[in-house]
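Novice: From first to last, the protein sequence lines are chains A and B. Note that full-length UniProt numbering has the first sequence beginning at 1, numbered continuously upward. Note that full-length UniProt numbering has the second sequence beginning at 1, numbered continuously upward.
Among the hints, a few may not be true.
[Claimed, not checked] Below 30 Å or equal to it, Euclidean Cα-Cα: the simulated DSS-like pairs (lysine-lysine) are: (1) K21(A) <-> K5(B); (2) K263(B) <-> K346(B); (3) K51(A) <-> K316(B); (4) K263(B) <-> K61(A); (5) K61(A) <-> K5(B).
The set of hints was computed from the structure by calculation and includes no laboratory data.
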Amino acid sequence: MRAVVTVIGKDRTGIIYNVSKILAENDVNIEDISQTVMHDFFTMIMLVDLKQMTVDFSELKASLEAIGETIGMSIRIQHEDLFNAMHTI
Amino acid sequence: MAMFKDVLETVRMIEKERLDIRTITMGISLLDCIDSSGKKSRQKIYDKITRLAENLVKEGERIENELGIPIVNKRISVTPIALIAGSSADLNYVEYAKTLDAAAAAVGVNFIGGFSALVPKGFAKGDRILIDSIPEALATTNNVCSSVNLASSKAGINMDAVKRIGEIIKETAYLTRDADSIGCAKFVAFSNAVEDNPFMAGAFHGVGEGESVLNVGVSGPGVVKRALEKAQDASFGEMAEIIKKTAFKITRAGHLVGTTVAKRLNVPFGILDLSLAPTPEIGDSVARILEEMGLEHCGTHGTTAALAMLNDAVKKGGIMASTSVGGFSGAFIPVSEDEGMIEAVKCGALTFDKLEAMTSVCSVGIDMVAIPGDTPASTISGILADEAAIGMINNKTTGVRLIPVYGKTVGEMAEFGGLLGRAPIMAVNQNDCSVFVNRGGQMPAPIHSFKN
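The following block holds chain B by itself, in its conformation from the complex:
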């Protein structure tokens, strides 16, 4: 049996430091649901999801109860719908989104991801239709999440897609204008999207994945912060060591939950994503960890370096704790979902440009950032292109989840509620980039040698 102090440490992590398992996400392949009839295809999709995920929530809750550790979300990811719906004659895929929504509601999960298209090098027929369907799909469903992979280190950046997605984000913001453009919070544009990510909004079940898997995403910024609080005079090497040890423990808890749920559902365990995922609650913030290292506010000079060290130490500690690590596996910096980030933006310490710099050293990207509702689509496309380039050149995943909040501007707050939180609207650069964005075509893949 673990020692007395170890037991108490675990209990304290759960009770006081908000240690939890952020998500168990069941990945389901829909490749066998392809049908030339959209209606038949959707029936197959509904039947398959509700059959395979029937006990996901029940087993998740049972394990929460037995281990005494909260599992905040139970979710589903599916094969990108553009691949499934492409063989039907349908000219709009909103009905597919509604089917996913109904299946999610039937099994009791709070999000289902995979209303997605992969277009780093070009559009297939289904990709274009899916992308055009995104605004209405997100406005007419509750639980569906959507993503588009725009770029990769191997293929370069599809600048036609970058341009179109800028417009799609604006349309989504308009269609969900009654709720602070919340539709945009359910959409991510990626560079180097990962196929086994358990976190929303960007989760989908990649085509290289098996029939069905159980992925798990851990959390625990509060635990890391508390561990650093106890080491006020630690050097960087000592801080890295503390973070590694803490990440190891958090990851082991996640691995246990993931493998146990997978066993009980009789599906293979997929991966553990060892990202530090914050929530808007006090004591669950990544920004506060960076501040604990000695920064007055997240966003000041030194923040990128602090984040780089945190991200790397979390990976080093977590990798050994699980047999299968995947997904993003780094620190998340979503503004609206992190109490410390919100505070840093409000007091002017954290700017959009600093956030962009931070995304070059951690996962995921410009995440849950609210910008003025009158931001032109071309400016959004410019932001997408910048982030895609950071991902492409650095061989890492970057994502953009931007919310141009309709009718609001800098100085106001967007309120999304729940885990999505609330965000101060951040200023973006006012200079025009439309000529650049309108050029279209493919930005070539980068050279993979001569790295400087």
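Excised from the complex, chain A in its bound form:
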């Protein structure tokens, strides 16, 4: 099962480090990363694999939201299914 992590907010150092640290700690593998910075506004989308995940989905979500608050970014994790359903025929 795969999920999409979106990170949006004002650019700063250590965003990828902080997010990937949480993912690594919970055995969540990053399969793809795209990111852009426009006018100091940072947007990152990660495709992650949850097969080996050692915690519950809602715990992972809570950890990501918590680190988001700490570094002042909005971090969401959502199952990949939603995006595939809405944007592919």
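Given the structure of chain A, go ahead and fit chain B onto it with the hints provided.
Specialist: Showing chain B alone in chain A's frame:
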């Protein structure tokens, strides 16, 4: 994986444009709960609902969490109670409503629909008792919704029922007078009621439905409005195209949620209702979509045409996105639940008569409209008859959810709170229609050919 911009579009729809799933509604057949003892029947009803819907809220919340899209309501619809209670010797069905209320509270849903009777061609014993029980049932329960089907394109209009329901609405308004007659907000009178509608207050589980199903209703007026904002110079054809594409995406999200919840609850997925359902929140209004097309206020000339196009484009976009579309599937125009409608009524742009015209091109009907508390029952019956006729002749569903707000009149506001919102009290025609309403009998079914 979806493209970068697609992911961001979805996130923006949810965060900024209030995209949500309006309701997941579990339909439950109560046909096997019929018993000659009302008490035993009610026990069976309670046991069945609490057993089948035990995990509805939990699974709904789990999926909300995983997909990151809000599911605003989790609800239940049941077989019309008039059919279930009719075989008991009870002379009042309020206890059935209380049983439904208790079962709803036990499983944590916010509404349960099906305190209903289907009388387009006449009353069976249980129908009369149920209808007489509606005012007290709605006044003494919190979560129970009630509906009566008065008419159909096949059977015509039961004018005796039309007359009686006018009185029932007035009685309900009186019994709930302490809360701006809110009981009436939980009651709908239909023409051509649908059996698989997930939306309240008119949801019930039709007798042609299976044992248990999971229906889903989507929302998303804010998303449609935003999409049109970005196309200021679009022609009608281009606007229709934009609405279709947006409706497709919204519907796909709803279909995913519906099928996933159904699978986890181990019940069949029923239908997806692709109605655009507004809320009183800013940015979640159907009226504002119509205004975005170039109308100064919803209700001005052009509004009916704008709504017709919106309604049709939503259907065209949504139909392809789900394997099973049903319910109302159109745009809703409830006054109290739509911030733009409220505004339009307040500034005098939207009148009762224009609303009636709008109901001929969209779902559902005169919905959540507050009228003066001293409106006679016969006038309410006249309104019911007009809407029933629009539905009957046009082969579509129409509903009436009117609130004659006790003690209030034109110029005042009725406050219902939450999703039911707030409504300016609208003027109705003051001329008498009681002689017409009192004639009684059956208005014959219309001819189904020579359509002009």
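Novice: Give a verdict on every hint.
Specialist: The hints, checked one at a time:
1. With a CA separation close to 25 Å, the supplied pair K21(A) and K5(B) stays within the 30 Å bound.
2. For the suggested pair K263(B) and K346(B), the alpha carbons sit about 45 Å apart, so the restraint of at most 30 Å is broken.
3. For the suggested pair K51(A) and K316(B), the alpha carbons sit about 38 Å apart, so the restraint of at most 30 Å is broken.
4. Between K263(B) and K61(A) the CA atoms are separated by roughly 23 Å; this keeps the pair inside 30 Å, and the hint holds.
5. The hinted pair formed by K61(A) and K5(B) meets the criterion: a straight-line CA distance of about 22 Å does not exceed 30 Å.
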